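With the sequences and hints as input, model every part of the structure.
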Amino acid sequence: MSKAKNIYARPLDLKHGRVNMTHGSGGRASAQLIETVFSAAFDNEYLRQGNDGAVLPLPPANSRLVMSTDAHVVSPLFFPGGDIGSLSVHGTVNDVAMLGARPLWLSASFILEEGFALSDLLRIVNSMAQAAKVAGVAIVTGDTKVVERGKGDGVYISTTGVGYVQGTIAPSGNRALAGDVILLSGTIGDHGMAIMSQREDLQFESAIESDSAALHELVATMLATGADIHVLRDPTRGGLATTLNEIARQSGVGIVLNEDAIPVHPQVAAACEFLGLDPLYIANEGKLIAICAATDAEKLLNAMRAHPLAQFSALIGNVIADDACFVQMKTKLGGRRMVDWLNGDQLPRIC
Amino acid sequence: MKYVDEFRDGALAQNLATSILKEAQPNLTYRLMEFCGGHTHALSRYGLLGMLPANVQMIHGPGCPVCVLPIGRVDLAIRLALEHDVILCSYGDCLRVPASNQMSLLKAKALGGDVRMVYSALDALKIATNHPTRQVVFFAIGFETTTPPTASIIRQAKAAGLKNFSVLCNHVLTLPAMEAILTQPGGFPLQGLVGPAHVSTVIGSKPHQSITTRFQMPIVISGFEPLDLLQGILMLLRQVNEGRAEVENEFTRAVTPTGNLKAQALVDEVFEVRESFEWRGLGSLPASGLKIRAAYAEFDAELRYPDLIYANVPDHKACECGAILRGEKRPQDCKIFGTICTPDNPIGSCMVSSEGACAAHYTYGRFSESGTAKINVSGLSRLHE
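Keeping their order, the protein sequence lines are chains A and B. Residues in the first sequence are numbered consecutively from 326, following the numbering used here. Residues in the second sequence are numbered consecutively from 58, following the numbering used here.
I should point out that these hints are in silico values taken from the structure, not numbers from a laboratory. Remember, predicted model here, so these are calculated numbers, not experimental data. Note that CB positions come from ideal geometry on N, CA and C, so glycine has one too. There could be a bad hint or two in this list.
[To be verified] Lysine-lysine pairs mimicking DSBU-like chemistry, simulated, CA-CA at most 35 Å apart:
(1) A:K476 <-> B:K164
(2) B:K164 <-> B:K215
(3) A:K476 <-> B:K183
[What the hints assert, rightly or not] Take a look, some chain B residues computed to stay more than 12 Å from chain A by CB distance:
(4) D66
(5) G107
(6) A111
(7) R136
(8) E236
(9) T270
(10) L284
(11) P363
(12) K392
Following this line, the structure appears as structure tokens:
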């Protein structure tokens, strides 16, 4: 590496420098950016091979490969509790984990906008490296492209994750059965409201932090209880309501929620109140839903509550037989209503 | 949450539901109209409709600002965005209102129109200040609640000497709409009205007396919180049972007899009553809308862009929004409800705003027509918490 650095006339100015079109051209400037920023932060045996892809070992016998991909376009790029870098790791790690798998490797593609500050890029990449390290996954291959100023929004990151799932474990959105119960790993809406609180046109003061976190260790803990987990899902975009509607349709069942049991951080509830939003539809990045047989519920809930990422886990509802696949909710007030799919963007009411 | 949880208390709600059940005489049917979309939304969102006895029926009224906006007015806004290259600012719900030729402001945005969603009228003014080289138009809609903020920004724009800001005014008045409902030909029996909440904070409770006197119609002004609504319904039943027709105020923590005099003065300074204004579902109603006064004419988008001429556009043939807004039909009575017309692809305006009767029923109430609505939730398995 030290010899290779000599081919560059001068080091990259990571303090005041900005991305320019040559950083994506595939020439010397691209190589310098990759070496100085990406390889340095993500360093691992696969990246060190210096190839355009990674050669990976086979998973253990009696296991199956799992793969998932996710694009990240969050705005603002930095928000309380995380940034686009850590989010791009957690998002994909969680998608792999929700299939009952242990995520091992990630790929990462960056689309950078001309003029983007290298200091911000470095901050994002370091955050990504840190998140990957904590999660125990390696970023083994990647790509960088640059688009003209005005054609992007700073940086977009797309990550793909590969892991493996052992034995007969097979949580799936189509396995919810009438009689099952629904467990939720904690408060809802934290991520979405943390982002909203930072939006340029909507800044409000709050201590709400994104819940962005890698959930595969929690999943491993849950699977270790031996509970037959029928469905695992992380309620990201569209929130809890949309995720449950997806599951109800996939499984051909109905769902009845108990509003009283759904944990919502008081600050999130308050922010939703004055913006006219419903926490059921606000995105989460560090929560999961587990659906299992009622007989396994207590065991699973206890294991979840013992994990630092799921202390406020709760049993929030039941799966019922319903050909219409409706998600209903018993309201705090004692009434009943439907909980529908997210419709368009959440728009505030005006009076 | 302080000042909110108090009005959403489940135990108190059950008490009120029991009182309503006791008050409702089994041999009578009570048809009550909640005027405001905010009430419609709350009835559905908190599941209140299922807590009422079958002979207490809530008819959803026309007090949803987005729902009563006629197609022709949205067409004007779309033309401003696409043909006049302005920055068109609008409240969120307006963006998806269906207009002519299957257009909407959201679709105009996708075609390159600079359409921006704002959370307050003040944001529109800020955009104008920050973009001095662009013309900025605020698409102002709403009843008396949202009118004072619009008046305020027009006055501020004048004080600041802004040359690039104007307002396309669609503000409407509550009482003419109430009258129209109660005088419509072939009208229908209505035993009471849940009077508007936020509108009444501005206009006060007193003006509603003209309605009770003229139509012998009980009115209870109620807040938007679920306990407010249940209490308001109970008060209406009592009025009906006792043969009274009065204006009663349940929302005393916010509504006074005379309302917000400062806001009224501000509105009066900037706006005057239009000769007539078209409402979706109710047709052209005399003296039911506001326009900008001559003293502020430079901020009137309809004068600044003289080619903007309003044209009446009939609703989609199968759409029953009109009858629903008049309280004649329920959303589920419409043939295209939930099939062709859904919140994702609204044909009529009542399917757009969460305050619209159709959207509220689609989003929150549809299950009540299926068999699973009878399943007792508390009987399902629960763990020790």
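Taking the hints in turn, this is what the structure says about them:
Straight-line distance between C-alpha atoms of K476 of chain A and K164 of chain B comes to about 21 Å, which keeps the hinted pair within the 35 Å bound. With a C-alpha separation of about 32 Å, the suggested pairing of K164 of chain B with K215 of chain B holds against the 35 Å cut-off. This hinted pair checks out: K476 of chain A and K183 of chain B have alpha carbons roughly 26 Å apart, not beyond 35 Å. Against chain A, the non-interface label of D66 of chain B is violated: not every CB pair exceeds 12 Å, the least being about 8 Å.
With a cut of 12 Å on Cβ distances, G107 of chain B falls inside the contact zone with chain A, its closest approach being about 5 Å. Interface exclusion of A111 of chain B from chain A stands, the closest Cβ pair being 15 Å apart, more than 12 Å. Separation of R136 of chain B from chain A is adequate, the least Cβ-Cβ distance of about 22 Å exceeding the 12 Å criterion. For E236 of chain B, the condition that its CB be more than 12 Å from all CB atoms of chain A holds, with the nearest at approximately 20 Å.
Once the 12 Å rule is applied to beta carbons, T270 of chain B is consistent with being away from chain A; the minimum gap is 27 Å. Not every CB of chain A is more than 12 Å from the CB of L284 of chain B (nearest about 8 Å), against its label as outside the interface. Distance to chain A confirms P363 of chain B as a non-interface residue, since its nearest Cβ pair spans about 29 Å, more than 12 Å. The claim that K392 of chain B lies off the interface holds: its Cβ sits roughly 19 Å from the closest Cβ of chain A, which is beyond the 12 Å cut-off.
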